[in-house]
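Chemist: For reference, the chains in residue letters:
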Amino acid sequence: MSSDSPESTLVLLEQIRAGDQAALDLLLTRYRPQLTRWARGRLPHGVRDLSDTEDLVQETIIGVLRHLDHFEFRGEGALHAYLRRAMLNRIRDELRRHSRRGAAETLDERFVCADDSPLEQVIGREAVERYESALAQLNSAEREAIIARIELGQTFAEVAGALGKPTPEAARMAVNRALARLARLMLP
Amino acid sequence: MTDEERLRALVAAVADGTPVDWQRAESGAQTDEERALVRQLRLIATLSEVSRTDEGTHTAEAGEPRAGLLTTAPMPDQWGPLHLRELVGSGGYGTVYRAWDPQLAREVALKLLNADRAEDPTFEQSVIAEGRRLARLHHPNVINVYGADTHEGRVGFWMEFLEGQTLKQWIDAHGPMSSREATLIGIDLCRALAAVHAAGLVHRDVKAQNVMRGPKGRTVLMDFGTGIETGEISRLAGTPLYMAPELLAGGPATPKSDLYSAGALLFYLVSGEFPVTGPSFAHIKAAHAAGSRKTVRDVRPDLPAAFVKVVDRALSSDPAARPTTAGALEAELAASLELPVETTPPPVPRPGPERTGRRPGYTLMGIAASAALIGALWATGTLPWVGGRSHETITASRVRSLAVLPLENLSGAGQDYFSDGMTDLLTTNLSKLGALRVIARGSVMRYKGSHDAHEIASALDVDALIQGSVLRDGNRIRITAQLVSGIDQSTLWAETYDRDIRDAFTLQSDLARDIARGINLSLTPKEQAGLRASAIAPRNVQAQEEYLKGWTALEPRTASAVADALTHFENAVRLDPAYAQAFASIAYAYSQEATLAKMSGEEAYGRARDAAMRALDLDSSQSAAYYALGLVQFNHDWDWAAASSSFQHAIDLDPGNADAHSQYGEFLTAQGRFAEALTEMRRAREIDPMNHVRRSGVAMVLFYLGKYPEAEAELRQILAISKNMGVAKFMLGRVYAAQGRTDEALAMFSEPDAPKEVRFLCERARVLVVAGRAPEARQLLRQIEGSPESERILDALAFVYTALGQRDTAVTLLNRAVDARLPAALWITVDPRFAPLHADPRFALLRRRIGLQEE
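Read top to bottom, the protein sequences are chains A and B. Residues in the first sequence are numbered consecutively from 6, following my numbering. Residues in the second sequence are numbered consecutively from 26, following my numbering.
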């Protein structure tokens with residue numbers, strides 16, 4: 006993700022609202038790779054056979070960017086969080102759609118099956134849910150810090166830009182604090 | 026580390042994305058809650074990896090967790106010949122470990138580059154080449170790189186392991202510093218950079234994380250991010266906050282860009298901020314282009330103008346406006362402190378005859394030699410101010426370690442003591458200079474008469490040697506001295522001095538100062554004062570003679586040698602009752618007598634104390650007096666605090682004194698401060714490498730630290746050179762015994778040159794008990810107890826009884842040892858042989874009796 010200032014993102018968003026296709030392409034280029042990586046981890050293999058992850062991500066992003074009327078741009082971090090939520094919802098939709106094809110009754114929480122995303126296979130569904138639940142309990146600044154750094158893998162410089170922090174070191178401290186809180190909230 | 030700190034470190038590692046040994050982290054947790062938290066962090070770390078990885082999630086088989094996701098790679102045990110001990114940190118380039126080099130028998134820091142980058146052969150080769158170039162660089166302010174190599178597909182290089190804090194850690198902990206402190210650090214940094222640049226290298230990554238502040242205030246410039254990198258704003262080589270604008274714009278790194286970084290570092294040290302800042306590389310680049318920056322005044326309006334000016338200049342956007350060289354910046358910094366600085370290259374020496382004066386009567390080697398020498402130097406162009414040199418040679422200005430070879434006696438028979446005395450004076454004066462490592466006289470004496478500079482310099486591990494001669498004729502003396510390169514034996518500097526005998530000490534002071542100037546060594550005000558003080562001539566020449574004779578007599582370090590020396594020193598003070606150095610020497614000699622006699626030595630210690638106090642009354646800078654006083658306070662008074670203070674004074678006043686370091690090391694060991702003791706012992710060994718007593722001191726502390734293989738290695742090295750050193754063999758026996766290798770231990774104790782005194786027989790008896798041969802042990806015990814010496818070794822008997830399980834007897838003996846004030850009793854607490862007694866409440870009482878506080 007290139008490190009542009011929040012102002013330029015805001016400008017792009019305005020342009021997108023005005024229907025500027027080039028601006029849309031630019032933002033897509035910026036957000037798609039990271040979100041795709043992120044999404045891959047959360048989509049079970051089965052689902053991905055049905056719809057290519059990249060297409061899914063692209064659709065989601067475009068969808069979000071086109072309907073920004075209710076979105077208050079507080080900063081890049083907020084935009085990441087918004088995109089992520091949209092992505093998560095979209096993934097859940099896909100999963101439901103997939104399961105409706107015939108395996109609804111067998112969706113057992115503890116059953117590791119082909120319906121598990123790579124992430125779930127690795128750390129278990131229960132852990133993923135604890136994580137999501139804990140993440141939801143953080144305040145928005147903390148959540149954005151986690152999403153930006155831990156999930157999207159942005160550099161601290163980029164995180165600083167996203168969160169509106171003055172230096173990467175400040176961003177790092179914010180991430181550390183959020184992480185510590187997150188870990189506590191995740192305790193079973 | 027507290028739980029808080031451990032967790033915080035883990036959180037930081039997860040945030041930074043650095044590898045964590047999770048198994049170790051989990052097992053290191055002290056409570057269930059902590060363990061659970063560690064597990065959550067591990068889950069988050071895994072989640073992070075999965076979310077961020079580009080490849081592979083879709084290639085995994087359904088239901089099969091990917092290898093490597095659940096655990097990050099455990100720490101490897103070995104890399105090439107090095108044993109890896111502990112993960113110290115990591116960053117963009119790779120990982121740093123604390124490791125053990127079995128060949129050098131020392132701890133090193135190993136930087137292993139990330140495996141993926143190693144697959145590029147050109148990258149690998151260039152890194153190794155750079156590492157090797159760094160290894161040829163020797164400077165006290167530059168980290169000592171030992172080597173670079175590839176093993177198992179990973180490139181690494183290993184360097185000295187530094188304890189201390191980086192400047193970044195220091196600032197984080199203490200906040201910004203004064204301009205004075207920053208300037209002193211800056212001066213050291215400039216010296217380091219000068220050495221780096223002179224070697225044809227550019228550092229490229231000068232920043233607060235790369236400068237270490239070691240113990241005793243040594244500033245060391247490290248390289249390749251061997252400090253832990255924080256934050257992602259590091260990109261490529263160089264950190265944008267410290268990078269010169271021409272570099273950000275894409276230009277090549279030059280010495281001038283290093284100077285900019287040095288300026289940025291100074292800016293940071295006094296303010297915690299940076300001249301040009303921003304959240305990203307692009308931001309900073311733009312800020313530079315726009316000229317939007319802070320000056321020193323903006324952040325610290327209170328600082329002196331001179332400092333502000335120097336730093337702002339170093340930070341000039343235009344490289345041409347910055348100081349021309351690191352040396353120039355150093356000079357500016359020193360000038361801003363109003364220090365008299367000796368950093369300008371020495372002037373061309375005047376030709377020989379003028380310097381030595383017109384004295385037709387002297388047809389000596391001295392004059393002819395110096396004139397010829399100067400001529401020769403010009404011809405070969407090896408004078409430092411003549412251009413053209415490669416990395417391989419030592420130039421005068423880079424000499425930071427030397428040995429003073431015994432000055433040749435040209436005065437005829439019976440005058441050896443004088444030239445030896447002059448050698449000693451010179452060695453002492455030079456060894457007081459903190460930035461110079463000077464080998465102790467004891468290690469150099471063996472090379473008397475030898476001329477193979479290269480061999481001697483390699484054996485002693487020094488850059489250069491001082492050679493010369495002393496001629497005494499009636500009331501005149503002439504001393505010649507040359508600084509000879511240890512690599513190619515070229516003469517780097519030479520001088521001749523011709524003085525009245527009364528001015529011998531002034532001559533020595535001048536000589537030391539001239540040598541320092543010749544090698545571009547800046548003297549601190551304290552060092553300059555010290556040299557001035559040493560130049561004070563005694564009121565009585567005869568007294569001076571006796572003093573010099575005393576020191577020559579002392580050298581063999583036997584009981585009779587000490588007695589001889591004392592006679593001379595006593596003569597000296599009789600002739601001149603205000604002769605502080607002679608009193609200090611008396612104190613020293615008596616303290617040696619007390620130690621050699623191994624008795625409580627009431628009389629010897631008393632006299633040592635009296636002489637020391639008289640010496641200090643006359644001159645409070647007499648290091649030897651403090652040393653002697655420390656010994657008295659420790660072994661006789663059992664006053665730990667006073668002894669500690671005295672030893673530290675001794676070292677402070679004469680940091681090049683190996684004895685003081687050794688003795689302080691022993692003292693620290695008795696207190697249980699093993700890590701500090703090891704540092705002192707190592708320093709003593711460094712100064713006095715040929716003296717096996719020093720090496721065995723290192724082995725001793727390693728033994729107490731429980732590092733038996735390392736202790737064994739050290740002892741074996743000693744024995745390889747000095748095959749019959751009984752004490753070393755005995756110590757090796759103790760190491761074996763500690764490892765349970767009782768048969769080998771007993772074999773060591775039976776060696777023909779193993780010490781036969783009753784104290785050592787006790788250890789033999791003890792090991793017999795441990796080996797399950799109690800009846801033999803008891804027989805030996807009876808023999809020992811029957812000897813008249815047994816009263817002196819009550820503590821040693823105690824450890825045999827401890828091994829036998831007879832605790833009451835052991836404790837009684839120990840209390841009697843304390844009653845008798847045996848110095849050996851001071852070691853009861855740390856001696857592992859008394860471990861079985863530690864739980865006994867009477868042991869705590871013993872500890873209090875010997876003056877150590879309850880933990």
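It is worth saying that the hints were derived from the structure and are not from the lab. Please read these numbers as outputs of a predicted model, since none were measured by experiment. For each residue, glycine too, the CB sits at the ideal point set by N, CA and C. One or more of the hints may lead you astray.
[As the list claims (entries may be wrong)] With the C-beta cut set under 10 Å, the calculated list includes, among others, these residues of chain B facing chain A:
no., residue
1, Gly42
2, Asp46
3, Trp47
4, Arg49
5, Ala50
6, Leu62
7, Leu66
8, Ala70
9, Thr71
10, Leu266
11, His308
12, Met470
Chemist: Work down the list of hints and note, for each, if the structure agrees.
Modeler: Now for the hints, and whether the structure bears them out:
1. Evaluation of the Gly42(B) hint against chain A yields a held restraint, the C-beta minimum of about 8 Å falling below 10 Å.
2. Taking 10 Å as the C-beta contact cut-off toward chain A, the hint placing Asp46(B) at the interface is violated, the least distance being around 18 Å.
3. Restraint check, Trp47(B) versus chain A: the minimum CB separation of about 13 Å is more than 10 Å; hint violated.
4. Given hint, Arg49(B) at the interface with chain A, is violated; its Cβ is 18 Å from that chain's nearest Cβ, farther than 10 Å.
5. At about 12 Å, the closest approach between the beta carbon of Ala50(B) and any beta carbon in chain A exceeds 10 Å, and the interface hint on this residue is violated.
6. Taken as an interface hint, Leu62(B) checks out: its beta carbon lies about 5 Å from the nearest beta carbon of chain A, inside 10 Å.
7. Against a cut-off of 10 Å between C-beta atoms, the interface hint on Leu66(B) holds, since the closest Cβ of chain A lies about 5 Å away.
8. The closest approach between the C-beta of Ala70(B) and any C-beta of chain A is roughly 9 Å, which is under the 10 Å cut-off, so the hint is satisfied.
9. For Thr71(B), the interface hint holds, since its Cβ comes within 10 Å of a Cβ in chain A; the closest pair sits about 5 Å apart.
10. Interface hint at Leu266(B): satisfied, since its Cβ lies 9 Å from the closest Cβ of chain A, which is below the 10 Å cut-off.
11. Evaluation of the His308(B) hint against chain A yields a held restraint, the C-beta minimum of about 8 Å falling below 10 Å.
12. Using the Cβ-Cβ criterion of 10 Å, the hint placing Met470(B) at the interface with chain A is not satisfied: the shortest such distance is roughly 55 Å.
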